[in-house]
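Based on the provided sequences and hints, a complete structural model is requested.
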Amino acid sequence: MQRQWSDTSRAYAMNAPAMAAILLLVAYPIGYSFWVSLHRDNLAQPALRRFIGLDNYLGLLSDPAFLTSLGVSALFVLLVVGVTVVLGLALALVLNETFLGRGVLRSLVLLPWAMPGVVNGLMWRTVFDAKTGALNGVLLQLGLIDSYQAFLASTTGAFVFTAMAQVWNTLPFAVILLLAGLTTIPNELYDAATVDRAGLLQRFREVTLPWLLHPLLIVLILETMNAFRAFDTIYVLTGGGPGDATATVALLTVQRVLTYTDVGLGSAYAWVITLITLVVSIAYVGLLYRRGSFEV
Amino acid sequence: MSTIPLRYRIPWKKIVVTVLAIVFGLYLVLPFYWIVAMSLSYEPDVYTVPPHWIPSPATLDNYVSFVDPTGAQALVGSRAVAETPYALGNSMIVATATALLNLVLGVFAAYSFSRLRFRGSGVLLMVYLITRMVPGIAIIIPFYLLMRELDLLDTYWALILSYTSFALPVTIWVLKDFFRAVPRELEDAARVDRCGWFRTMWSVVLPISAPGLVAAAVFSFMTAWNEFMFALFLTSSTASKTMPVIAANFATDLNTQFTVMAASGVLAVLPPLVLVLIFQRLIVQGMAAGSVKG
Numbered sequence: 001m002q003r004q005w006s007d008t009s010r011a012y013a014m015n016a017p018a019m020a021a022i023l024l025l026v027a028y029p030i031g032y033s034f035w036v037s038l039h040r041d042n043l044a045q046p047a048l049r050r051f052i053g054l055d056n057y058l059g060l061l062s063d064p065a066f067l068t069s070l071g072v073s074a075l076f077v078l079l080v081v082g083v084t085v086v087l088g089l090a091l092a093l094v095l096n097e098t099f100l101g102r103g104v105l106r107s108l109v110l111l112p113w114a115m116p117g118v119v120n121g122l123m124w125r126t127v128f129d130a131k132t133g134a135l136n137g138v139l140l141q142l143g144l145i146d147s148y149q150a151f152l153a154s155t156t157g158a159f160v161f162t163a164m165a166q167v168w169n170t171l172p173f174a175v176i177l178l179l180a181g182l183t184t185i186p187n188e189l190y191d192a193a194t195v196d197r198a199g200l201l202q203r204f205r206e207v208t209l210p211w212l213l214h215p216l217l218i219v220l221i222l223e224t225m226n227a228f229r230a231f232d233t234i235y236v237l238t239g240g241g242p243g244d245a246t247a248t249v250a251l252l253t254v255q256r257v258l259t260y261t262d263v264g265l266g267s268a269y270a271w272v273i274t275l276i277t278l279v280v281s282i283a284y285v286g287l288l289y290r291r292g293s294f295e296v
Numbered sequence: 297m298s299t300i301p302l303r304y305r306i307p308w309k310k311i312v313v314t315v316l317a318i319v320f321g322l323y324l325v326l327p328f329y330w331i332v333a334m335s336l337s338y339e340p341d342v343y344t345v346p347p348h349w350i351p352s353p354a355t356l357d358n359y360v361s362f363v364d365p366t367g368a369q370a371l372v373g374s375r376a377v378a379e380t381p382y383a384l385g386n387s388m389i390v391a392t393a394t395a396l397l398n399l400v401l402g403v404f405a406a407y408s409f410s411r412l413r414f415r416g417s418g419v420l421l422m423v424y425l426i427t428r429m430v431p432g433i434a435i436i437i438p439f440y441l442l443m444r445e446l447d448l449l450d451t452y453w454a455l456i457l458s459y460t461s462f463a464l465p466v467t468i469w470v471l472k473d474f475f476r477a478v479p480r481e482l483e484d485a486a487r488v489d490r491c492g493w494f495r496t497m498w499s500v501v502l503p504i505s506a507p508g509l510v511a512a513a514v515f516s517f518m519t520a521w522n523e524f525m526f527a528l529f530l531t532s533s534t535a536s537k538t539m540p541v542i543a544a545n546f547a548t549d550l551n552t553q554f555t556v557m558a559a560s561g562v563l564a565v566l567p568p569l570v571l572v573l574i575f576q577r578l579i580v581q582g583m584a585a586g587s588v589k590g
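Which chain is which? The protein sequence lines are A and B, in order. If you count by the numbering used here, then the first sequence holds residues 1 to 296, one letter each, in order. If you count by the numbering used here, then the second sequence holds residues 297 to 590, one letter each, in order.
If you are wondering where the hints come from, they were derived from the structure by calculation, not from laboratory data. Fair warning: there could be bad hints in the mix.
As the list claims (entries may be wrong) - Label-pair ranges, simulated between beta-carbon atoms:
#1 V360/B / Q141/A: 26 to 36 angstroms
#2 A477/B / A74/A: 39 to 49 angstroms
#3 D484/B / R290/A: 29 to 39 angstroms
#4 R444/B / F34/A: 11 to 21 angstroms
#5 Q202/A / D484/B: 25 to 35 angstroms
#6 Q141/A / P340/B: 45 to 55 angstroms
#7 T156/A / S532/B: 28 to 38 angstroms
#8 R444/B / E97/A: 48 to 58 angstroms
#9 E97/A / Q576/B: 17 to 27 angstroms
Backbone N, C-alpha and C fix where the C-beta goes; we use that ideal spot for every residue, glycine too.
Next up, the structure:
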């Protein structure tokens, strides 16, 4: 058996089942999605279905709901990724030190990662709630507020608190990748810097940061994608409201399809999301290539 | 060096690290503690100002109401309450089936990358990685239409197939590294003993890379267990609704009792939480290797 087949044909035979699954379940749907996006197609009115070329896409340029949602998504990504990277780096640096209870903290870091997005949303609802929330309780007992606040009722409040809920959920991922990066830094570099009388900040700037540059970029890219496609937490926490304060482009797309059954326009939305993700993916794959992760 | 003798120096660094560690620990634990505390409270008690930080009296009534929905706690949102046991079962079946199907499909592909030199292997590996990047929202509509065409809406298959497509790339990436770590000599020895490929895999390669199989299985189980958007589109009854769908039903129902909602959330997080606690080390290893999250 081994000698009859060349490695290449054996390899492709072995990849055939996985490739078939991916062609059928990912590649075909993406292509089909583009085809659907070229149609006026509402499931509630099958008789009106017809080919309209790029009209759905041209319509997006003057679709206020869509343009607003792109803006909301962009701000959401900025806020979530920014806070996640700063907190993630701080937590990774702490975990890289030795202290009592480090093992416990390392286990705790994985807690948010295990949390399904929906439950994350539920959990933060119980924390932010205007009548029963823990945040209100804490702030009141600390004397920082006089009476309970409805944190999710204002547009800015809802947006910021939803972003913070998302940060909690995605933080472990950043921490673990950054911690893995930190452990690869040779101790000799720090020793050398100490001999050169470099202070703590200087050591961070001149040893830690350059070594962490690559893991940081990977975290930035992957967290950007995560935040851009975030759906579960937002859906449960605010449902896109109040008004359209937290209606990201992913949320809007789902509403278009589930509420208005407009699969044609929904597909056009989805394709814009695909294109934006594609640009980010290319950056990511390019980075991995440069690091040599693809040498097989 | 400083002129102050070492033992008189205030260990600023240690203090800062310890304080930060405590703050981060509280940040990670307190929100989760709060939903657990709520799930153990009586509904009227959670409306006190300031809140009871420790549920008193504590109760398991909210959890009992899932198996006995006629209980007093379940007057509101009783439909979601009654559906919860089914959803737990559905989630368990779908997630387990996804993990198994992933291993079967993934083992072959991963082996080819770890042992065979072949043209296009780098490109193929990249194709798998890019598949992983495709946002669910981009394929949900055609996937829904396809499942409708195949008459698979509201069945386990619709969910298992979609989750397999999410988890397969990660499975392949994780497994290939574990397979590569198996000493080639062991395989050669088995071959000298006239073991065929399947026999060699079964009795040599797979047992040695058991941690990798477990890591891949845990990842795909969690992907399937936690997924919400596809389940929202593809399920419509207790025949296939999963836990996240039910938990979201609680959340979007304005009349929901907070305590019951909290209990459903805790139930939905328990299986992945237990898996993560048991397989911590493997998961961290896999996360760093695969660099992927669902």
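Hints versus structure:
1. V360/B / Q141/A: 26 to 36 angstroms: 32 angstroms, holds
2. A477/B / A74/A: 39 to 49 angstroms: 42 angstroms Cβ-Cβ, so the 39 to 49 angstroms window holds.
3. D484/B / R290/A: 29 to 39 angstroms: 35 angstroms, holds
4. R444/B / F34/A: 11 to 21 angstroms: For R444/B and F34/A the Cβ distance comes to about 19 angstroms; the hint holds.
5. Q202/A / D484/B: 25 to 35 angstroms: For Q202/A and D484/B the Cβ distance comes to about 53 angstroms; the hint is violated.
6. Q141/A / P340/B: 45 to 55 angstroms: 21 angstroms, violated
7. T156/A / S532/B: 28 to 38 angstroms: 36 angstroms, holds
8. R444/B / E97/A: 48 to 58 angstroms: Given range 48 to 58 angstroms: holds, Cβ gap about 55 angstroms.
9. E97/A / Q576/B: 17 to 27 angstroms: Taking Cβ atoms as reference, E97/A and Q576/B lie about 19 angstroms apart, which means the hint holds.
Hints 5, 6, counting from the list given before, are not met by this structure.
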